[in-house]
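Could you put together the complete structure from these sequences and hints?
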Amino acid sequence: QKEVEQNSGPLSVPEGAIASLNCTYSDRGSQSFFWYRQYSGKSPELIMFIYSNGDKEDGRFTAQLNKASQYVSLLIRDSQPSDSATYLCAVKSVEKLVFGKGTKLTVNP
Amino acid sequence: GAVVSQHPSWVICKSGTSVKIECRSLDFQATTMFWYRQFPKQSLMLMATSNEGSKATYEQGVEKDKFLINHASLTLSTLTVTSAHPEDSSFYICSASTGKEKLFFGSGTQLSVL
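Protein chains in written order, with our numbering: chain F, 46 to 154; chain W, 122 to 235.
By construction, these hints were calculated from the structure, which means they are not laboratory data. Even for Gly, the Cβ is constructed at its ideal location relative to N, Cα and C. Some clues are possibly wrong.
Simulated pairs of lysine to any residue, SDA-like, Cα-Cα distance not exceeding 25 Å [stated by the list, open to error]:
1. Lys-141(F) x Pro-207(W)
2. Lys-146(F) x Gly-182(W)
3. Lys-141(F) x Ile-92(F)
4. Lys-223(W) x Gly-74(F)
5. Lys-146(F) x Pro-207(W)
6. Lys-185(W) x Met-166(W)
Just some of the chain W residues that point at chain F, by a computed CB distance under 7 Å [to be verified]:
7. Phe-160
8. Ser-164
9. Leu-165
10. Ile-214
11. Ser-228
12. Gly-229
What follows is the structure, encoded as structure tokens:
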């Protein structure tokens, strides 16, 4: 059973702070890793994807991947109230995307 | 980015009736479409994978006779929930793939079975 684990939260950070979201996965053969944001009652939207070990930055978002530790994270700098949502980690295993349960982030003004 | 249209956005039906949900890729051809179900505060669970012109591949535990999937063209896939029951009430989301890494999601359908 391929699994993707995330802390369900909620994670609360003050506006302007760095929010750190973490994810571990069980399938060592996984090659692609994604972070999605989902607002309540809406479908997920892709924020970032990462394939290689290390960091990948896109604006205020940084994805970090460590395949040896089977760990992927998402950092959100200068968090804004509009970033408040559930963040889903997804891992591609054998052409299927397996989602974690998501971490609910609240950014307090 | 690519657009995936899903409708209806929400549907309420009586127990025992069937409900059809459509998923269309508007500006690209989707080689593969995926159907997910999401219960409140739970993750997206993959129900089935469909490729145009072939039978869908269902995940373990998903009843293929209850959740009928038709992928008639490269831009349209439908999910029919047959003889719906209250336990089928959920948020159903389709996604489409161009064959590359990214998935594009529809807006989802909230199904409530009374």
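Self-check item: Pairwise hint evaluation, Gly-182(W) against Lys-146(F), where the allowed Cα distance is 25 Å at most
Solution: holds (19 Å)
Exercise. Report holds or violated for the interface hint on Phe-160(W), using the least CB-CB distance to chain F and a cut-off of 7 Å.
Key: Since chain F brings no Cβ nearer than about 11 Å to Phe-160(W), farther than 7 Å, the hint is violated.
Quiz item: Is the hinted pair Lys-223(W) and Gly-74(F) satisfied, with a Cα-Cα distance of at most 25 Å?
Solution: holds (18 Å)
Quiz item: Given the hint that Lys-146(F) pairs with Pro-207(W), does the C-alpha gap stay at or below 25 Å?
Solution: Holds - the C-alpha atoms of Pro-207(W) and Lys-146(F) are around 23 Å apart, at most 25 Å.
Exercise. Quickly compare the C-alpha distance for Lys-141(F) and Ile-92(F) to 25 Å and report which way the hint goes.
Key: Satisfied, since the Cα-Cα distance of roughly 18 Å is no more than 25 Å.
Exercise. Take a quick look at whether Lys-141(F) and Pro-207(W) sit within 25 Å of each other, Cα to Cα.
Key: With a Cα-Cα distance of about 28 Å, the restraint between Lys-141(F) and Pro-207(W) is violated, given a limit of 25 Å.
Quiz item: Does Ile-214(W) pass the interface hint, meaning its C-beta sits closer than 7 Å to a C-beta of chain F?
Solution: Holds, about 5 Å.
Self-check item: Status of the Ser-164(W) interface restraint (C-beta, 7 Å, chain F)
Solution: holds (4 Å)
Self-check item: Residue hint Ser-228(W), partner chain F, criterion CB-CB below 7 Å
Solution: Check passed: Cβ of Ser-228(W) comes within 5 Å of chain F, closer than 7 Å.
Quiz item: How about Leu-165(W): closest beta carbon in chain F under 7 Å, or not?
Solution: holds (4 Å)
Quiz item: Are the Cα positions of Lys-185(W) and Met-166(W) separated by 25 Å at most?
Solution: Within the cut-off at roughly 15 Å; holds.
Quiz item: Per the CB criterion, is Gly-229(W) less than 7 Å away from chain F?
Solution: holds (4 Å)
Hint compliance for this structure: hints 1 and 7 are not met, and every other hint is.
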